[in-house]
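S.K.: So you can see what is in the structure, the chains are spelled out below.
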Amino acid sequence: MKKLLIASTALVMVAGAAAAEVKLSGDARMGAVYDSEDWNFSSRARVQFTLSGTTDSGLEFGAKFRTSDIRNAEDPRNGNRGTVFLSGAFGKITMGDIASASEELFGDLADVGYLGDDQGTAKFGGTNAIPYLTLDNETTSGLMYTYSAGAFSVAAAMTDGHGYGSVAAGTFEADTQSYSVAAAYTFGNYTVGLGHEILDRDGAGLDMSQTELAGMAKFGNTDVKGYYAIGGDENPVDDAIGLSVASAFGATTVKGYVQKVDFVAAGVDSVTWYGLGADYDLGGGAILAAGIQDDDVDGSDPVANMGVKFKF
Amino acid sequence: MKKLLIASTALVMVAGAAAAEVKLSGDARMGAVYDSEDWNFSSRARVQFTLSGTTDSGLEFGAKFRTSDIRNAEDPRNGNRGTVFLSGAFGKITMGDIASASEELFGDLADVGYLGDDQGTAKFGGTNAIPYLTLDNETTSGLMYTYSAGAFSVAAAMTDGHGYGSVAAGTFEADTQSYSVAAAYTFGNYTVGLGHEILDRDGAGLDMSQTELAGMAKFGNTDVKGYYAIGGDENPVDDAIGLSVASAFGATTVKGYVQKVDFVAAGVDSVTWYGLGADYDLGGGAILAAGIQDDDVDGSDPVANMGVKFKF
Amino acid sequence: MKKLLIASTALVMVAGAAAAEVKLSGDARMGAVYDSEDWNFSSRARVQFTLSGTTDSGLEFGAKFRTSDIRNAEDPRNGNRGTVFLSGAFGKITMGDIASASEELFGDLADVGYLGDDQGTAKFGGTNAIPYLTLDNETTSGLMYTYSAGAFSVAAAMTDGHGYGSVAAGTFEADTQSYSVAAAYTFGNYTVGLGHEILDRDGAGLDMSQTELAGMAKFGNTDVKGYYAIGGDENPVDDAIGLSVASAFGATTVKGYVQKVDFVAAGVDSVTWYGLGADYDLGGGAILAAGIQDDDVDGSDPVANMGVKFKF
Numbered sequence: 000m001k002k003l004l005i006a007s008t009a010l011v012m013v014a015g016a017a018a019a020e021v022k023l024s025g026d027a028r029m030g031a032v033y034d035s036e037d038w039n040f041s042s043r044a045r046v047q048f049t050l051s052g053t054t055d056s057g058l059e060f061g062a063k064f065r066t067s068d069i070r071n072a073e074d075p076r077n078g079n080r081g082t083v084f085l086s087g088a089f090g091k092i093t094m095g096d097i098a099s100a101s102e103e104l105f106g107d108l109a110d111v112g113y114l115g116d117d118q119g120t121a122k123f124g125g126t127n128a129i130p131y132l133t134l135d136n137e138t139t140s141g142l143m144y145t146y147s148a149g150a151f152s153v154a155a156a157m158t159d160g161h162g163y164g165s166v167a168a169g170t171f172e173a174d175t176q177s178y179s180v181a182a183a184y185t186f187g188n189y190t191v192g193l194g195h196e197i198l199d200r201d202g203a204g205l206d207m208s209q210t211e212l213a214g215m216a217k218f219g220n221t222d223v224k225g226y227y228a229i230g231g232d233e234n235p236v237d238d239a240i241g242l243s244v245a246s247a248f249g250a251t252t253v254k255g256y257v258q259k260v261d262f263v264a265a266g267v268d269s270v271t272w273y274g275l276g277a278d279y280d281l282g283g284g285a286i287l288a289a290g291i292q293d294d295d296v297d298g299s300d301p302v303a304n305m306g307v308k309f310k311f
Numbered sequence: 000m001k002k003l004l005i006a007s008t009a010l011v012m013v014a015g016a017a018a019a020e021v022k023l024s025g026d027a028r029m030g031a032v033y034d035s036e037d038w039n040f041s042s043r044a045r046v047q048f049t050l051s052g053t054t055d056s057g058l059e060f061g062a063k064f065r066t067s068d069i070r071n072a073e074d075p076r077n078g079n080r081g082t083v084f085l086s087g088a089f090g091k092i093t094m095g096d097i098a099s100a101s102e103e104l105f106g107d108l109a110d111v112g113y114l115g116d117d118q119g120t121a122k123f124g125g126t127n128a129i130p131y132l133t134l135d136n137e138t139t140s141g142l143m144y145t146y147s148a149g150a151f152s153v154a155a156a157m158t159d160g161h162g163y164g165s166v167a168a169g170t171f172e173a174d175t176q177s178y179s180v181a182a183a184y185t186f187g188n189y190t191v192g193l194g195h196e197i198l199d200r201d202g203a204g205l206d207m208s209q210t211e212l213a214g215m216a217k218f219g220n221t222d223v224k225g226y227y228a229i230g231g232d233e234n235p236v237d238d239a240i241g242l243s244v245a246s247a248f249g250a251t252t253v254k255g256y257v258q259k260v261d262f263v264a265a266g267v268d269s270v271t272w273y274g275l276g277a278d279y280d281l282g283g284g285a286i287l288a289a290g291i292q293d294d295d296v297d298g299s300d301p302v303a304n305m306g307v308k309f310k311f
Numbered sequence: 000m001k002k003l004l005i006a007s008t009a010l011v012m013v014a015g016a017a018a019a020e021v022k023l024s025g026d027a028r029m030g031a032v033y034d035s036e037d038w039n040f041s042s043r044a045r046v047q048f049t050l051s052g053t054t055d056s057g058l059e060f061g062a063k064f065r066t067s068d069i070r071n072a073e074d075p076r077n078g079n080r081g082t083v084f085l086s087g088a089f090g091k092i093t094m095g096d097i098a099s100a101s102e103e104l105f106g107d108l109a110d111v112g113y114l115g116d117d118q119g120t121a122k123f124g125g126t127n128a129i130p131y132l133t134l135d136n137e138t139t140s141g142l143m144y145t146y147s148a149g150a151f152s153v154a155a156a157m158t159d160g161h162g163y164g165s166v167a168a169g170t171f172e173a174d175t176q177s178y179s180v181a182a183a184y185t186f187g188n189y190t191v192g193l194g195h196e197i198l199d200r201d202g203a204g205l206d207m208s209q210t211e212l213a214g215m216a217k218f219g220n221t222d223v224k225g226y227y228a229i230g231g232d233e234n235p236v237d238d239a240i241g242l243s244v245a246s247a248f249g250a251t252t253v254k255g256y257v258q259k260v261d262f263v264a265a266g267v268d269s270v271t272w273y274g275l276g277a278d279y280d281l282g283g284g285a286i287l288a289a290g291i292q293d294d295d296v297d298g299s300d301p302v303a304n305m306g307v308k309f310k311f
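Here the protein sequences line up with chains A, B and C, keeping their order. Mapping of the first sequence onto numbering that gives the first Met the number 0: position 186 corresponds to residue 185, and the numbering continues sequentially without gaps. Mapping of the second sequence onto numbering that gives the first Met the number 0: position 192 corresponds to residue 191, and the numbering continues sequentially without gaps. Mapping of the third sequence onto numbering that gives the first Met the number 0: position 177 corresponds to residue 176, and the numbering continues sequentially without gaps.
Here chain A stands alone, though its shape is the one from the complex (with noise of 0.2 Å):
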């Protein structure tokens, strides 16, 4: 009556040829949130869709986006905020709800908590996130192109600046266009990067740009994320410098990051923010989480949150 799904395994039994498919996949999580005033309940739960398949010369395709990135879309020709891509031996095209190339190589420090990233500290929302220039939220018309050989990855991407669809929705502005590329060296253990992104707001007669240095390492049970970050003469952010550190110790993972930026215009001049966490691994996709942070601003108190994530 109910269901149907059928397993990878059954699935072998579809011949040999390469056959589209949509695949399921979800996440969960469940807890409290304490936002230096009062403790909240927070739960969520979402499910993804993996979209593949294999053009007869052998290009891989798909798409992927959660329940959480269907929208009412206003305009037809923008979907949800999912993603599309192409791939073959020339690299992967990827087009959709992109993030910079800076990001896409990089990633963020060490999230702490049950809640990652979408819990910020009280007064100036800092998260483990890296403060990257462009594309730090969502987009629908960006693309974005990646190319791995041996040990180099590189990344470009660009949206087209005409905000198509997404000036109503208020997250698009439109005539700025944004443009980033990066590069990552892989020798061992270690990582290390190298990122530019180009903010052109024409409608605000803006040009900034950021430059970012960034490097990973992994000591053993431990892994070491840092970067260095340089924006230009009209940005807010003048420079932004984080680190974190993960150490597994059994089914125990403890990290930390902290972060400090410091901004263009007088009167504010750096703000300085920390998160501290654990995970425990309960295994079969649970993770008991709680974490803590807080920034520097004046009358800032710390935020924290403890409960549990799934993966299914």
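Hints are computed from structural coordinates only; laboratory data are not their basis. Treat the hints with care, since some could be wrong.
Which copy is meant is left open, because identical chains are indistinguishable; a pair holds if it fits in one copy or across any two.
For lysine-lysine, the following BS3-like pairs were computed, each having C-alpha atoms within a straight-line distance of at most 30 Å [as the list claims (entries may be wrong)]:
1) Lys310 - Lys91
2) Lys122 - Lys91
3) Lys122 - Lys217
4) Lys259 - Lys310
5) Lys259 - Lys63
6) Lys63 - Lys122
7) Lys310 - Lys217
8) Lys63 - Lys310
9) Lys91 - Lys259
Use these hints to put chains B and C onto chain A, whose structure you have.
M.R.: Just chains B and C, lined up with the frame of chain A:
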């Protein structure tokens, strides 16, 4: 850990280990509705996502939500209107769009028609739904605890009252906290239950409560359910009483309910409403259903609906 | 090409009984759009849910909708923009977001580009979509009856005109009722059809109608479709005519359409618009597609799009 789709049959093949998975089921309905003035068409289709997994120590976890629960979430800490749970020997903890403890254990009266409680009487809007004081409508920030031992079942539910994000959606009143506890005891074909609900509306300076006594019995092919609810001084409802009967004759089930609410407020004395309906099981998950409902408010005429409902 | 979840092979394992089930399929596209001024990126991914079952007496029932049909329903009696059906020897009844009877049997002209009718000409907004009078846009309250016997197919569609909930969404005009009937006859590679539509706008005091004559033919690898529509006195459209041709040369299909509408209103005389495109089948569900469209409205420049579309 990811993926899935997997048939239960195929699942047998996947070792003995419990794998986290996402399953699909669905429901749909189509028919016509008489709103006391016109007949209208009405149809609906939904898919439910059921996520489930097991930790290494044997705790079960999961989540479920329907496509109709998918919303444009305003606060990333709140997801859709589904629920997430974790259960073990200690009982079951559920978070998200929960019901009150009383509704969790007693449910509502027998519903009529293919629309169930989605159609109410013309003037009062009454349905088979029992007028619980708390959590009778959607929430995203509730916490429920349930536990069963032999013939006993207990439940406790609360909301944090801070209305995370749902204030914006107008679905939750800030500074309103709700609490409820309920217990049920089953002996043979009989179940009796008692529940108590508190709605603390700090904002409005109101402290409301309601106590429910419920009984369910099975006589051969007939199910009977009744309740009596008595409210506190600051409630809108003074007391309420209701009864439903559902009798199966082969593939046909005849159902009816009647409810009466006495109000505290002067002017409005009491309202009585009822519903009568019949279901015919077509097999394979399809049911033909018709129902009529009415209340005794001045000038109220009967409403009715007739259609088919499907389970997938 | 479609598929999955399930391999029919795996389904065989599930006894012989017809089981109600939920299947997933999907589509996606990515490319660039020229709106006569700028080139923009545009991508989209969707998943379709197909629900199906069979009653004990052999009636088939089901429903389907896409993730892009999921809306914040304002009235619980209305679901998403999908459809629900029940079929048997008597024919097939479909409710929900149906098309007009004419569109159900004749469809639209051959589409061009990877965006199909999601891109219209610059000034007039014309596409390969035939200008049917009724139900050409979304509805949630329609009823469709279809029946086929040998070479004959008939369809009848209507809406109840009360605009349940959809008034609030601005997608349906209250007190507007639509009716349509259509028939088609197929002999060998030829199909001819006749349809009639009525749009009764009580609110606006208008009683509109339109009659369509349609023909489809297959000559070797070439598909030709044409129609002529003539409107009533109170219509905005006096008459309309259109033709499309699609010819396959190996993996390449060249397509084109042209349409002309004469308006009743003085001042605007008539508009002619056309589209030209080519599809290249990459296999495995992927198609490379490009198209250009234009109309003869003063100052209108061509629009175009080029990209890849995928089926999963």
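S.K.: Please go over all the hints and tell whether each is borne out by the structure.
M.R.: Hint check results:
1. Lys310 - Lys91: both (27 Å within a copy, 19 Å between copies)
2. Lys122 - Lys91: Neither: 39 Å inside a chain and 36 Å across chains, both beyond 30 Å.
3. Lys122 - Lys217: neither (33 Å within a copy, 59 Å between copies)
4. Lys259 - Lys310: neither (32 Å within a copy, 46 Å between copies)
5. Lys259 - Lys63: neither (34 Å within a copy, 40 Å between copies)
6. Lys63 - Lys122: neither (34 Å within a copy, 34 Å between copies)
7. Lys310 - Lys217: For Lys310 and Lys217, the Cα distance is within 30 Å only inside one copy (25 Å; across copies 41 Å).
8. Lys63 - Lys310: both (16 Å within a copy, 13 Å between copies)
9. Lys91 - Lys259: Cα proximity of Lys91 and Lys259: none, with 34 Å in one copy and 42 Å across.
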